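All chains should be built: construct the whole structure from the sequences, respecting the hints.
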Amino acid sequence: MHGDPRPILLANARIIDPSRDLDMHGDLLISDGIVRDAEPGIRASGVPEETEIIDCAGRVVAPGLIDMRAFVGEPGAEHRETLASASQAAAAGGVTTIVCQPETSPVIDDPAIVDFVLRRARDTAIVHVHPMAALTKGLKGQELAEIGLLKAAGAVAFTDGAKSVANAQVMRRALTYARDFDALVVHHTEDPNLVGDGVMNEGEFSARLGLAGIPKAAETIMLERDMRLVSMAGGRYHAASITCGESLDVLARAKDAGLAVTAAASINHLTLNEMDVGAYRTFCKVTPPLRAEEDRQRLVEALASGLLDVIMSDHNPQDVETKRRPFAEAEPGAVGLETMLVAALRLVHGQHVTLTTLFKAMSTRPAELLDIPGGTLKPGARADVIVVDLDMPWVLDPAELKSKCKNTPFDEARLQGRVVRTIVAGRTVYEYV
Amino acid sequence: MNVATKSSFVLGRRHLLGIEGLSYDEITGLLDLAEEFVELNRQIEKKRTSLRGRTLINLFFEASTRTQSSFEIAGKRLGADVMNMAVSTSSVKKGETLLDTAMTLNAMHPDLLVVRHYASGAVALLANKVDCAVVNAGDGAHEHPTQALLDALTIRRNKGRIEGLCVAICGDILHSRVARSNILLLNTMGARVRVVAPSTLLPPGIERMGVEVARDMREGLAGADIVMMLRLQRERMNGSFVPSVQEYFHYYGLDQAKLRYAKPDALVMHPGPMNRGVEIDSAVADGAQSLIREQVEMGVAVRMAVLEALSRSLPNA
Numbered sequence: 001m002h003g004d005p006r007p008i009l010l011a012n013a014r015i016i017d018p019s020r021d022l023d024m025h026g027d028l029l030i031s032d033g034i035v036r037d038a039e040p041g042i043r044a045s046g047v048p049e050e051t052e053i054i055d056c057a058g059r060v061v062a063p064g065l066i067d068m069r070a071f072v073g074e075p076g077a078e079h080r081e082t083l084a085s086a087s088q089a090a091a092a093g094g095v096t097t098i099v100c101q102p103e104t105s106p107v108i109d110d111p112a113i114v115d116f117v118l119r120r121a122r123d124t125a126i127v128h129v130h131p132m133a134a135l136t137k138g139l140k141g142q143e144l145a146e147i148g149l150l151k152a153a154g155a156v157a158f159t160d161g162a163k164s165v166a167n168a169q170v171m172r173r174a175l176t177y178a179r180d181f182d183a184l185v186v187h188h189t190e191d192p193n194l195v196g197d198g199v200m201n202e203g204e205f206s207a208r209l210g211l212a213g214i215p216k217a218a219e220t221i222m223l224e225r226d227m228r229l230v231s232m233a234g235g236r237y238h239a240a241s242i243t244c245g246e247s248l249d250v251l252a253r254a255k256d257a258g259l260a261v262t263a264a265a266s267i268n269h270l271t272l273n274e275m276d277v278g279a280y281r282t283f284c285k286v287t288p289p290l291r292a293e294e295d296r297q298r299l300v301e302a303l304a305s306g307l308l309d310v311i312m313s314d315h316n317p318q319d320v321e322t323k324r325r326p327f328a329e330a331e332p333g334a335v336g337l338e339t340m341l342v343a344a345l346r347l348v349h350g351q352h353v354t355l356t357t358l359f360k361a362m363s364t365r366p367a368e369l370l371d372i373p374g375g376t377l378k379p380g381a382r383a384d385v386i387v388v389d390l391d392m393p394w395v396l397d398p399a400e401l402k403s404k405c406k407n408t409p410f411d412e413a414r415l416q417g418r419v420v421r422t423i424v425a426g427r428t429v430y431e432y433v
Numbered sequence: 434m435n436v437a438t439k440s441s442f443v444l445g446r447r448h449l450l451g452i453e454g455l456s457y458d459e460i461t462g463l464l465d466l467a468e469e470f471v472e473l474n475r476q477i478e479k480k481r482t483s484l485r486g487r488t489l490i491n492l493f494f495e496a497s498t499r500t501q502s503s504f505e506i507a508g509k510r511l512g513a514d515v516m517n518m519a520v521s522t523s524s525v526k527k528g529e530t531l532l533d534t535a536m537t538l539n540a541m542h543p544d545l546l547v548v549r550h551y552a553s554g555a556v557a558l559l560a561n562k563v564d565c566a567v568v569n570a571g572d573g574a575h576e577h578p579t580q581a582l583l584d585a586l587t588i589r590r591n592k593g594r595i596e597g598l599c600v601a602i603c604g605d606i607l608h609s610r611v612a613r614s615n616i617l618l619l620n621t622m623g624a625r626v627r628v629v630a631p632s633t634l635l636p637p638g639i640e641r642m643g644v645e646v647a648r649d650m651r652e653g654l655a656g657a658d659i660v661m662m663l664r665l666q667r668e669r670m671n672g673s674f675v676p677s678v679q680e681y682f683h684y685y686g687l688d689q690a691k692l693r694y695a696k697p698d699a700l701v702m703h704p705g706p707m708n709r710g711v712e713i714d715s716a717v718a719d720g721a722q723s724l725i726r727e728q729v730e731m732g733v734a735v736r737m738a739v740l741e742a743l744s745r746s747l748p749n750a
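Each protein sequence line maps, in turn, to chains A and B.
With the numbering used here, letter number 273 in the first sequence gets 273, and the count goes up by one each step, no holes.
With the numbering used here, letter number 314 in the second sequence gets 747, and the count goes up by one each step, no holes.
Hints in this document: simulated from the structure, not taken from any laboratory.
Since we're looking at a predicted model, the values are computed, not measured.
One should not assume that every hint holds.
[As the list claims (entries may be wrong)] Every beta carbon over 10 Å from chain B, so not counted as near; a handful from chain A, in silico:
| no. | residue |
| --- | --- |
| 1 | 351 |
| 2 | 396 |
| 3 | 399 |
[What the hints assert, rightly or not] Beta-carbon label-pair distances, calculated as ranges:
| no. | chain 1 | residue 1 | chain 2 | residue 2 | range |
| --- | --- | --- | --- | --- | --- |
| 4 | B | 561 | A | 228 | 34 to 40 Å |
| 5 | A | 412 | B | 667 | 54 to 60 Å |
| 6 | A | 203 | B | 554 | 29 to 35 Å |
[To be verified] Residues from chain A shown here face chain B by an in silico Cβ test under 8 Å; the list is partial:
| no. | residue |
| --- | --- |
| 7 | 144 |
| 8 | 145 |
| 9 | 148 |
| 10 | 149 |
| 11 | 173 |
| 12 | 176 |
| 13 | 177 |
| 14 | 180 |
| 15 | 182 |
Yeah, the Cβ is synthetic: ideal placement off N, Cα and C, and Gly gets one too.
The following block contains the structure:
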C-alpha cells in the first residue's frame, strides 16, 4: 500500500452502525483513513475537492466485519491458505479484520511467531490481521503458554484452536493466570473422550448413515465445566463455537450469574443443519458437527436476543485431497470468509434478525471482546467500511472463490445479497464489478 | 565465655512448631536473646556450655544444606552433642513410617529434636509422640518459624524496628512455608504485609491472612521498605504454574528496574537458595540493598536463641 487514498463519500446509503444503534439514510465521508462523519446531508455542507463520490443507491453501508475465528495456513500450510489469500477472500466477503488461529506449524506459542505473523500480514495482506496465540504450549493442553509475553507481542486472545483443554486443572490455571493479564481465553468446548471417533451429530441421521455420532453433551459438559472454572478463577472467557440449545442454557445461567463469559457460533451452525450432510457431503463435515434443526433455530433466537454474542466464519481451508475421502476419513472444516455475510443475510431476509443485530455480532462485539479497532462508524474511527447490496441474486461458483481452497458447504447455493465494496483503513481493497 | 546471657528469656512451651500462637513479647524475647548470640558469634571464642550434656538430633526428611548446618553449628556452639540424620537416605526408604522413626529416636533420649518434613503438619504429629523438645525446621508449605525469626532479626537490625514497615513478599506464595511464617510474624509485630505473585502462585483465601494482594510488581512494591523474594522451584517454572522462566523473570523477577518501584532505601531479602535469573537478578542479589548474606549470619544466632530458650524449660534445666 502506498500513497494516501482520495477521500471517499459513500452517498445515498443506508448507514448501519450497531455501536450507536444507528440505522439511517445518509452519506458517509472518509478521508485519511478515518470516518469523518455519518450524518444526513454532508454533501450539502461540502466535501474536499478531490473526493471520490460513490452513489450507493440505497445500499447498506456498515462497519467491516471482524472474523474472530479463521484458520490460516501460514506458517506451515501455505498450500491451503496464506495470509495473502485469506485476506483476498476476506475482502471479497466484507471482512476487514481476520483473527487467525494458532493452529499453524510451528504453533503460535512463541512471541517470535506472533511477530512473524504480524509482519507477514503487514507485507502481504490487504485486510487487518490479528493472531490469537496458543493457550497451552504446542496446543497440547498441558503447560501454560507465555500469555504475558505473547499478549505484549500482539496476540489478541488465547486459545488452543479446535482443540479442547481436557485437563480441568490446566484450564483452571490458564484462566487464573490469564486473568492477571486481562487476557481473553477462547475455548473450543468439546470433551475429547465423548467426541471419540464421532464424525457428525449423534442422532437419527448418524444412525441411518452408519456414522459414529458426537453427542451434544460432549459440548455442554465441557462448557458447564468451564463456567464453574470461570466462577472460581475469574477472568474473561469466550466459548469459541457453540452449536446447541443446551449450551445456550448453560451460557444464559452463567451470564445471569454475572460471569464475564461470551460465546460465538459459526455461520455454518446458524444456517445449516445435520440434514445438509445428506449423502455424505464432506464439505458439511465441520467441528463441532452440524446439529439438529431445533438447535439451529435456538441459535438464531439467541442471536436475536443478544444471548449469543458473536458470529464467526470458522474459515478452515482444506484441499481437495483431504476432503475427497470417505466421510469419516475426511478432514473437517469449511471455508467461510467469503460467504459469512451473504449466508447470514438469509437470516435477515427470513426476518429472524435485524441487520443491526447481524453487524453487531460480526463486527461491533468482536471488536469489544478483543479490544481492537473496528466495529463502529463513529467519527474518528478507522475507516473499515463495507457496502452491501442486500438483494442481488447469485449462485455461488466455487471456482470464483478467492480462497486457495474451495471446500464450501454453499457450493452452488442460491444466495441473495452481495458485498460490493470493501474499504480497509480508507482504501478500497475490493470492488464487485 | 561461659557467662550467662543478659536475657533470661524462657520460651514457656515445650516445642517451637510455628510462629502461629507466638505473642509479640515472645518474639521480641527471642530476638533480644538472638542479638546477644550475634555478638558472641563474631568473637573468636564462640563456645558456651548452656546445652552441655544435651543431645540434639537434626532429623531431615527433606534435603537441606543451610538450615541443617545452621542448626548444627547453633547446637555445637551451645555445647550440645549434635547428630545429623538425613532420613531421606535411610529408614524411610526401607518403609519405616514417620512415627516409627520418631519412636526409635525417642528411645535414644534426645533432648532436642530439629525436624524438617515435606508434609505440612508432620512435625506437629511427630512432636506429639516424643518426650523431648521439637523445633520445626520447615514442614511442607506450612511453617518455617526460625526462618521468619531470622528474617525479623535482620529487618530489626537494619531498620531499627519492624512495626509500621511495609514488607512485600514476592513469588511462589502458594508453596512457601517461609511466606506463611513471615506473614504471621510480621503481622504480630505490626508490619504491613503485602504478597505479590501471579494468581496461579497465590493460595485462594490468602487475603484472609491479613495481607494485601498485588498481582504485579509495580503495584506490589510501591512504598515497600523490605522486598522479600521467594524461591520458585524448578518443576513449577515450565508451564504448570507459570509459563516459563523467561516470562516469570520478565514480570516477577526482581531486577534493578523493578526494585525502583520500592522505597529508595528498600532492602532486599531472600531465604535461599536463590535461582539467579529466575526470581532475582544477580545485580540485585549482590547489590548494596541486599541483606541476603546477613540473613545467613542471623540464622545461626536465631537458632541458638531458640535452642537456648527452649532448653531453659527442659526437665532438669
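Hints, verified against the model:
no., hint, in the structure
1, 351, "47 Å, holds"
2, 396, "43 Å, holds"
3, 399, "45 Å, holds"
4, B/561 with A/228: 34 to 40 Å, "39 Å, holds"
5, A/412 with B/667: 54 to 60 Å, "59 Å, holds"
6, A/203 with B/554: 29 to 35 Å, "53 Å, violated"
7, 144, "4 Å, holds"
8, 145, "6 Å, holds"
9, 148, "5 Å, holds"
10, 149, "5 Å, holds"
11, 173, "5 Å, holds"
12, 176, "5 Å, holds"
13, 177, "5 Å, holds"
14, 180, "5 Å, holds"
15, 182, "11 Å, violated"
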